[in-house]
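Novice: One letter stands for each residue in the lines below.
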Amino acid sequence: MYPKSRIRSILAVIILAALVLALAATVGAQEDTRGVLRHLKAGTTPASNLDPHGPNAEGLVLQYVWNQLTRLDTGATYVVPDLAASWESDETGQVWTFHLEQGVKFHDGSDFTSADALYSIRRVLDPATGSPVRDKYLIIDEENMTAPDDYTIVIPLHEVDVEFPTRVSEKRLVMIPEGSGDTIAETGIGTDAFYVVEQNPVGLTVLAAFDDYWEGPPGLAGIELYHVGDSAGIAQALLTDQLDYVGIGQIKAENFPLFEGNDDFTFLIQDSGGFTQIAMDVTQPPFDDLRVVQAFKLAQDRQETLEVVYAGQGDIACDTSVWKKDPYFLEQDCARDVERAKELLAEAGYPDGIDVVLTVGDVYPTLVPLAVAYKEQAADAGIRIEINQVPADTYYPDHFGKNAFYLDWWGQRQASSGMKELFGCGSGNNMSKWCSEEFEQLLLDAGAELDFDKRKELLGQAQVLVAQESGTMNPVFFTAVDIFNSRVKGVTRNFTEYIHLFYIEED
Amino acid sequence: MRSLSAAPIRIAQSLRSFAYIWRSLRRSRQGTIGLIIVIIHMFIAVASPYIVPYAHHDIDGKNRLAAPSVEHPFGTDSFGRDLFTRVLLGGRAAIGVALLAAAIAVLWGGLLGILLAFIGGRVDEVVMRLIDALLAIPGLLVVLLVVVALGTGFSVLIFTLGYAYGVSTVRVARGAALAYVASDFITAARARGERKTNIVLRELIPNLLDVLLVEYVMRASWALTAISSLSYLGFGIAPPTPDWGRMVFENQVMLAISPWGTLFPVVALASLIIGINLAGDALSKAIGLDRSQEAPT
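Protein sequence lines, in the order shown, are assigned to chains D and F. The numbering used here puts the first residue of the first sequence at 1, with every later residue one more than the last. The numbering used here puts the first residue of the second sequence at 1, with every later residue one more than the last.
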């Protein structure tokens, strides 16, 4: 049996140890006072993964985990440095040299160098990767790309492209570690302010702060990306404090009064070039007849769509992807003409009207309302539409790009690169599969044109072609409205990147 | 040999029993109220296309989410469509689907149940265990799976709901038929050497018509709830066809701003279901069945 004094000593040691541990735990807990942002996911499918170059990249993760060589400024007009600190071209605009930022680290601790940059570009160009934006970069003379040193890359082009630095601001041309192509879909290693902790495409995706981020530690401890299965639940989730931030186009305008006048919520309202597109696959009947396509376009009542689908928050669009604040925007007249639509249908062999099925999923709040509004408008021209609403989770894997007549939501795009992506021959994001040699040539000529006014003229002609002949309808550019909990501070918006989270801090 | 006399007697008995049921229904206060509600709804469902003030799909961008007024007695929805029109028309699709689905359920489920009771033996044992296994899968889940795979056409909904509710009807019909299979008149018919089909068609079914009628009413009310639930979940009636369940879904996030968009379709749906249930309860009491022992499946 131990003497009493010994027992007392042991007890004292145990109590002291407990106190030290408790103190250490308290200090540890105070280490990270930054908040975690609970954000809404958008456009994910069960197949979404962490390969930023592949066809199934999880949308928002792209914004927070990887960087491109360049990005666009907050006005989405000018190209500014991202991982490329500076760049210049030769006199012709056909060979571009990018000087990379030094001291940039990947999430695995390795340095970002020119070898990684060349590998990433080659991977996007590799058909086996399945990149939906590969076509935009076929202009690159891949074989002659070089890396004179660890922080310089030289990219020669097949054609002159004076807008090439803008072209590489595409969020899908991000930098990954050299040789990581086989594992990137699981690891998701990038260079941006957050790294992937856990990814679940139809559940929760967790990102944590990457404190070695080259611009300094981010203002958030992490981001939780939540999947909300139906659009109706989004406003409720924000209202009941289950989400902190809901981005562009995700809340119906009718719901704004729920948040207005409530100090707990902050609005960020800005014009945007985002839109919802109705696509007619021109390789499938009846849309393989241009007259049918044009009749469908003429039947649109764009003003009514603006009012009933977007609650008046937006601008009329003429079926192109180039919006009013883009320097290359061309103002067009695309008035409704029901009589002409009927004539065109009659000429195409449908004098008694035409029956079509419009496939839609409730994946974005504007999709089903746009389908309903267009059905009603088209009826005036003898276009009888049956709306086939399919489950949201099956929309992208089973219907997108397969059905002849369907819809999708798009964020703002740059004039030239955006048109190439959305209307270019063979592009994965060309919903209508329209392909016009004249259009392709106009884009090429514009890229090679050094004079701004002449370039604008060429891109204007391309916009007219898209409006008149492509198989897509885009009636409205909507106003971007972000609503977030007022706890979230310091939000600035970059139109094409949603938000650059480095600047967000939570109280 | 064909029995010439049995059928008219049985049908006459059935008609007499229907007349008795009708009298009992009218005598019961809740039965009368239920019947009146159902008759009003049926009248609206049939006559609504001729009496609605607007086309259900007429969009009016200038008049969105309007409050009830003389022009729009129930207000308008987010497309500016007249809610009065849409509520009046909103039951047609669901009622049609529910009535047809319940008919299919009672037809195949009832027939199979009666046949199993009559045949008995191993066939009965095997098929009933199979039915038990199918019953273990919730009906709405089966319907959702089929709808996800095949789409949301009217025929898909009718046949899938008809299947889902028919499975439970097999048990009910078999149970009811078992009581008759051992009875004297069936034994007598067997002894007379009547053909089995004749016994089922002329002896068993006429005696079970009242049970099947109650079953039909119950299944129709549950099918109506199911179709509205599916529409609410976005898997039922396709837009822009007016449908109460879908209208509640469409207005769900506008509830705080435009409550009438939810209120009127809910009142319409709830009143019809209450009406059918009141009438159904009174009906089952009139023929001596206790509906409280059954729950929706």
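Be aware that one or more of the hints could be misleading.
Unchecked claim - With a straight-line cut-off of 20 Å between C-alpha atoms, the simulated EDC-like cross-links for lysine to aspartate or glutamate are:
1. D:Lys375 with F:Asp60
2. D:Lys324 with D:Asp211
3. D:Lys375 with F:Asp124
4. D:Lys171 with D:Asp149
5. F:Lys196 with F:Asp132
6. D:Lys105 with D:Glu260
7. D:Lys456 with D:Glu260
8. D:Lys324 with D:Glu215
9. F:Lys62 with D:Asp380
10. F:Lys62 with D:Asp315
11. F:Lys62 with D:Glu376
12. D:Lys489 with D:Asp315
13. D:Lys325 with D:Asp453
14. D:Lys454 with D:Glu91
15. D:Lys325 with D:Asp135
Unchecked claim - For the chain D half of the interface with chain F, some residues (derived, Cβ under 8 Å), not all of them:
16. Val162
17. Thr166
18. Gln242
19. Glu307
20. Val368
21. Gly401
Honestly, the hints are just simulated from the structure, not real lab data. In this text, a Cβ means the ideal position worked out from N, Cα and C, and glycines have one as well.
Novice: Against the structure, test the hints numbered earlier, and report the numbers of the ones violated in rising order.
Specialist: 2, 3, 4, 5, 6, 7, 8, 12, 15, 16, 17, 18, 21
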